[in-house]
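Enquirer: In case you want the letters, here they are:
There are 2 protein chains.
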Amino acid sequence: MRRTDIVVIGGSAAGATAAITARRHYPDKEVYVVRQEKQVLIPCGIPYIFGTLGSPAKNIIPDTLLEKEGIKIVIEKADKLDPLKHTISTTGGEIAYERLILATGSLPGRLPVPGFDNENAFPILKDIHHLEILQKRLQSASNVVVIGCGFIGIEFADEICKIADKKVTVLEIAPYCLSLAYDEEFCVEMQEAVRSRGIDIRTNAKVAEIQGDGKVKSVRLTDGTVIPADLVIFGIGAISNVVIAKAAGLKLGPTGAIAVDRAMRTSYEHIFACGDCAEKVSFFGGRPSPLRLASIATLEARIAGANLYGIRREHDGTVGVWSTAIGNLAMATAGLTETAAGQNGYNCVTVVVDGLNRHPGGMPGGAPTKLKLVFEKNTGVLLGGQVRGNESAGEIINIVSACIQKRMLAEDIATFQMGTHPALTASPIAYPLVNAAELAIKALTVLRPKA
Amino acid sequence: MRRTDIVVIGGSAAGATAAITARRHYPDKEVYVVRQEKQVLIPCGIPYIFGTLGSPAKNIIPDTLLEKEGIKIVIEKADKLDPLKHTISTTGGEIAYERLILATGSLPGRLPVPGFDNENAFPILKDIHHLEILQKRLQSASNVVVIGCGFIGIEFADEICKIADKKVTVLEIAPYCLSLAYDEEFCVEMQEAVRSRGIDIRTNAKVAEIQGDGKVKSVRLTDGTVIPADLVIFGIGAISNVVIAKAAGLKLGPTGAIAVDRAMRTSYEHIFACGDCAEKVSFFGGRPSPLRLASIATLEARIAGANLYGIRREHDGTVGVWSTAIGNLAMATAGLTETAAGQNGYNCVTVVVDGLNRHPGGMPGGAPTKLKLVFEKNTGVLLGGQVRGNESAGEIINIVSACIQKRMLAEDIATFQMGTHPALTASPIAYPLVNAAELAIKALTVLRPKA
Numbered sequence: 001m002r003r004t005d006i007v008v009i010g011g012s013a014a015g016a017t018a019a020i021t022a023r024r025h026y027p028d029k030e031v032y033v034v035r036q037e038k039q040v041l042i043p044c045g046i047p048y049i050f051g052t053l054g055s056p057a058k059n060i061i062p063d064t065l066l067e068k069e070g071i072k073i074v075i076e077k078a079d080k081l082d083p084l085k086h087t088i089s090t091t092g093g094e095i096a097y098e099r100l101i102l103a104t105g106s107l108p109g110r111l112p113v114p115g116f117d118n119e120n121a122f123p124i125l126k127d128i129h130h131l132e133i134l135q136k137r138l139q140s141a142s143n144v145v146v147i148g149c150g151f152i153g154i155e156f157a158d159e160i161c162k163i164a165d166k167k168v169t170v171l172e173i174a175p176y177c178l179s180l181a182y183d184e185e186f187c188v189e190m191q192e193a194v195r196s197r198g199i200d201i202r203t204n205a206k207v208a209e210i211q212g213d214g215k216v217k218s219v220r221l222t223d224g225t226v227i228p229a230d231l232v233i234f235g236i237g238a239i240s241n242v243v244i245a246k247a248a249g250l251k252l253g254p255t256g257a258i259a260v261d262r263a264m265r266t267s268y269e270h271i272f273a274c275g276d277c278a279e280k281v282s283f284f285g286g287r288p289s290p291l292r293l294a295s296i297a298t299l300e301a302r303i304a305g306a307n308l309y310g311i312r313r314e315h316d317g318t319v320g321v322w323s324t325a326i327g328n329l330a331m332a333t334a335g336l337t338e339t340a341a342g343q344n345g346y347n348c349v350t351v352v353v354d355g356l357n358r359h360p361g362g363m364p365g366g367a368p369t370k371l372k373l374v375f376e377k378n379t380g381v382l383l384g385g386q387v388r389g390n391e392s393a394g395e396i397i398n399i400v401s402a403c404i405q406k407r408m409l410a411e412d413i414a415t416f417q418m419g420t421h422p423a424l425t426a427s428p429i430a431y432p433l434v435n436a437a438e439l440a441i442k443a444l445t446v447l448r449p450k451a
Numbered sequence: 001m002r003r004t005d006i007v008v009i010g011g012s013a014a015g016a017t018a019a020i021t022a023r024r025h026y027p028d029k030e031v032y033v034v035r036q037e038k039q040v041l042i043p044c045g046i047p048y049i050f051g052t053l054g055s056p057a058k059n060i061i062p063d064t065l066l067e068k069e070g071i072k073i074v075i076e077k078a079d080k081l082d083p084l085k086h087t088i089s090t091t092g093g094e095i096a097y098e099r100l101i102l103a104t105g106s107l108p109g110r111l112p113v114p115g116f117d118n119e120n121a122f123p124i125l126k127d128i129h130h131l132e133i134l135q136k137r138l139q140s141a142s143n144v145v146v147i148g149c150g151f152i153g154i155e156f157a158d159e160i161c162k163i164a165d166k167k168v169t170v171l172e173i174a175p176y177c178l179s180l181a182y183d184e185e186f187c188v189e190m191q192e193a194v195r196s197r198g199i200d201i202r203t204n205a206k207v208a209e210i211q212g213d214g215k216v217k218s219v220r221l222t223d224g225t226v227i228p229a230d231l232v233i234f235g236i237g238a239i240s241n242v243v244i245a246k247a248a249g250l251k252l253g254p255t256g257a258i259a260v261d262r263a264m265r266t267s268y269e270h271i272f273a274c275g276d277c278a279e280k281v282s283f284f285g286g287r288p289s290p291l292r293l294a295s296i297a298t299l300e301a302r303i304a305g306a307n308l309y310g311i312r313r314e315h316d317g318t319v320g321v322w323s324t325a326i327g328n329l330a331m332a333t334a335g336l337t338e339t340a341a342g343q344n345g346y347n348c349v350t351v352v353v354d355g356l357n358r359h360p361g362g363m364p365g366g367a368p369t370k371l372k373l374v375f376e377k378n379t380g381v382l383l384g385g386q387v388r389g390n391e392s393a394g395e396i397i398n399i400v401s402a403c404i405q406k407r408m409l410a411e412d413i414a415t416f417q418m419g420t421h422p423a424l425t426a427s428p429i430a431y432p433l434v435n436a437a438e439l440a441i442k443a444l445t446v447l448r449p450k451a
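Taken in order, these protein sequences are the chains called W and L. Per the working numbering, the first sequence starts with residue 1, numbered consecutively. Per the working numbering, the second sequence starts with residue 1, numbered consecutively.
Since the hints were derived computationally from the structure, they do not count as laboratory data. Please read all numbers here as calculations on a predicted model, not as lab measurements. Among the clues, some could well be false.
One copy or two, either will do: identical chains are not told apart, so a pair holds if it fits within one copy or between any two.
Unchecked claim - In silico DSS-like pairs for lysine-lysine, Cα to Cα no more than 30 angstroms straight-line:
no., residue 1, residue 2
1, 85, 370
2, 68, 167
3, 370, 246
4, 80, 58
5, 406, 442
6, 442, 162
7, 442, 251
8, 370, 77
9, 29, 442
10, 166, 215
11, 406, 377
12, 370, 406
13, 215, 377
14, 442, 68
15, 68, 377
16, 246, 377
17, 442, 136
18, 406, 246
19, 370, 68
20, 77, 442
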């Protein structure tokens, strides 16, 4: 039987990062990454395979990331875990460990409707072979229906549109696309932008059946509409992969993922879990968080990896920071939307500002940039932010995230020390983050009882 | 005599922002902005007039910013202040006020060398007419010498290069350009990038004389080198404009600027100062800071404007965050460089990481992005950061700034919750900010005494 110090099961964002972190914190320990894939896909890059990148092979997490840290990659399928013996069983035999990290990820959601298993109805598997088949079938498909209009759905639809001669329809059960990430005004803008690129978005659309004769022919909605389809893609989220953990008797949490504490420990002291397979707790109020993102996975992996031989880090709860891009339009979100804040019991003051991300207006590369900030009404604490702009939105949201994580008040943000430059950012007079915070203070002041 | 509530002298970044802030915090008060310029230039946009924008008229702070807040613009030159009477005198008569904000800015530095006053030797005045003359003279100049290789010097040189048939030489007294903003490895990169665009940068070059016969002919260095020049531009920093304040008996500070407390109050309770005319204190150690930037000016203006009728805000000291861009290369800095940290008495651990700001590598729009972080060795507090990349560097540095302002530790940054996206940012596995912090922890741990 092989013996090592640390075993990580899973080699995607969480597994790779957990292994790297473990090596950095415990350089004397040997680390195995056990994974079944020969090559690992970059999860968030998957939609871009179909239009921008051209093939799954161009969307790979390089193994050199692990190899240069001295991590051993074991390409075997892990089947079983024995927590009492400290062993796992794989297709290659048994491995004994001191510490184990489960980073087994998630499996794609499939709609529980008749016909979901017709040929050419594709879940999104993080598997090169599967995606190569999908890519090949897309070539000959004329009518493509994407079910689910979250960011994965939108990105898939837009990328498929870049392949010639496709009619792409996206179906969303909610009244707006992206409604978990953004408030209505942002959702509407993105929806219009996507539509303007020739994609048919249908909201309030509930799928009743995938129709076909073994192979997909059409999608029928509950309102009776029938949409022709040669190919269907399910972009409806992910379900934690807890097969090994559950069979080994590890406790599961309220959403069915592996239960973990703030140190990312499972119900066994020596077993940690991180990424899509692990339960998440919200930064806001501490209830379970349904978010599954690579950036969340890597944070959890950095906590798990550092804590293997003594707790060094604790999780403050998931803020939730992510972005999406369609052409030159980028949107990003951090923390709670106004809608989500209300649903979670917060009273809010929100401010929206709009301005150019260059100064003066004639500087090249600029885009009108809209920022919405959500503050708790009585304390002025920042709860969330949303940005619409061009590529700089992807980093602006990380400034917002820093403010949220440090529980900054509108007043702190109004006196934020930002750098500005004509060719790179908005003007220092009207820098949106600071400007929005100042406007929020005005609103917060109005809401205070007069002295 | 005219009477109003609040008078702001100066209408550039500090003055405009102070006036807007005053109106937002005290909406019942009337605000005058007294300035001599009919139109106000965007200070940081001035270099871009010559190549990118095409004319000073395209680099104007729009008066609508003030007008929509109900601020009255008084285009008169303020000459005198009587703090005891609460009045100022202008070219249009006297104005009585309740509260006064001095935002009189700075005047360009000129070298105290023979010949500095030859025709075609230009300081950089924030004045449309002056810049129009400079622009016109540049048309007929073949050899242009820019003295001073800070970011203003570099940006001027690069923009002038965009006009046909110019030989541009930049002279820097220090061993590297931009050495106040960056550590040597960044300076060298920028220097090489600027040189590759056809600009002759000469470092360790001390000017002895501007030679001419009334009109500039050449620049002689102390080592005897003579550089032909039809036109010379002084890009050697700014001197606080304290003419009115000094004559009125306001206390000046250690650098000769108007002395202010943390609330931006001068030695008279009812008079505030902000921007280039006001003394600055460093966020690091609290000594006087020589930095003069529009973003610093607007922060001070937000403090001054909010405090007019009761102290609401205090200044934590100047962090110093700024950036520059030459073509597609952008560099940005926040807080202390490694060199400056050493000079200020800190023991440091520094980490440099380099990676692409997209993932995977095939995603369009990416640039190799280098990040250096400077941590205090014993506590792990972040003291500074430098970024080299493309346009996203301008906002990445503001994430770094947020971390510095909240005195975040390497450990806080290693567990930063960032959002990532293939088309917008680096990968979540190797996000440079987080990666650099994790590497710093490794170094910090090594430096700690073994338990």
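Enquirer: For every hint, state whether the structure bears it out.
Expert: Status of each hint after checking the structure:
In the homo-oligomer, the alpha carbons of residue 85 and residue 370 never lie at most 30 angstroms apart, since the shortest distance is 55 angstroms inside one protomer and 45 angstroms across protomers. Proximity of residue 68 and residue 167 under a CA criterion of 30 angstroms is satisfied in neither setting, with 45 angstroms inside one chain copy and 47 angstroms between copies. For the identical chains of this complex, residue 370 and residue 246 are neighbours neither inside a copy (45 angstroms) nor across copies (43 angstroms), given an alpha-carbon limit of 30 angstroms. Taking the closest pair of Cα atoms, residue 80 and residue 58 never come within 30 angstroms of each other, the shortest separation being 32 angstroms inside a single copy and 68 angstroms across copies.
For a Cα distance limit of 30 angstroms, the shortest separation of residue 406 from residue 442 qualifies both inside one copy, at 22 angstroms, and across copies, at 24 angstroms. For the identical chains of this complex, residue 442 and residue 162 are neighbours neither inside a copy (46 angstroms) nor across copies (45 angstroms), given an alpha-carbon limit of 30 angstroms. Taking identical chains as interchangeable, the C-alpha atoms of residue 442 and residue 251 are never at most 30 angstroms apart, the minima being 48 angstroms within one chain and 33 angstroms between chains. Taking the shortest Cα distances, residue 370 and residue 77 never come within 30 angstroms of each other, neither inside one copy (46 angstroms) nor across copies (37 angstroms).
Taking the shortest alpha-carbon separations for residue 29 and residue 442, only the inter-copy value of 15 angstroms comes in at or below 30 angstroms, while the best intra-copy value is 55 angstroms. In this assembly of identical chains, the alpha carbons of residue 166 and residue 215 lie at most 30 angstroms apart only when taken from the same copy (18 angstroms versus 68 angstroms across copies). Both within a single protomer and between protomers do residue 406 and residue 377 lie at most 30 angstroms apart by alpha-carbon distance, with minima of 17 angstroms and 22 angstroms respectively. In this assembly of identical chains, residue 370 and residue 406 lie within 30 angstroms of each other by CA distance both inside one copy and across copies; the values are 23 angstroms within and 25 angstroms between.
When the C-alpha separation of residue 215 and residue 377 is checked against a cutoff of 30 angstroms, the pair qualifies neither within a copy, at 54 angstroms, nor between copies, at 64 angstroms. With identical chains, the CA atoms of residue 442 and residue 68 are at most 30 angstroms apart between copies only, with a shortest distance of 16 angstroms across copies and 53 angstroms within one. For the homomeric pair residue 68 and residue 377, the shortest alpha-carbon distance between copies (26 angstroms) is at most 30 angstroms, but the shortest distance inside one copy (49 angstroms) is not. Proximity of residue 246 to residue 377 under the C-alpha cut-off of 30 angstroms is found in neither arrangement, the shortest distances being 43 angstroms within a copy and 44 angstroms between copies.
Proximity of residue 442 to residue 136 under the C-alpha cut-off of 30 angstroms is found in neither arrangement, the shortest distances being 56 angstroms within a copy and 46 angstroms between copies. In this assembly of identical chains, the alpha carbons of residue 406 and residue 246 never lie at most 30 angstroms apart, being 36 angstroms within a copy and 41 angstroms across copies at closest. Taking the closest pair of Cα atoms, residue 370 and residue 68 come within 30 angstroms of each other only across two copies (19 angstroms); inside a single copy the shortest separation is 41 angstroms, beyond that limit. In this homomeric assembly, residue 77 and residue 442 never come within 30 angstroms of each other (Cα to Cα): the closest approach is 58 angstroms inside a single copy and 32 angstroms across copies.
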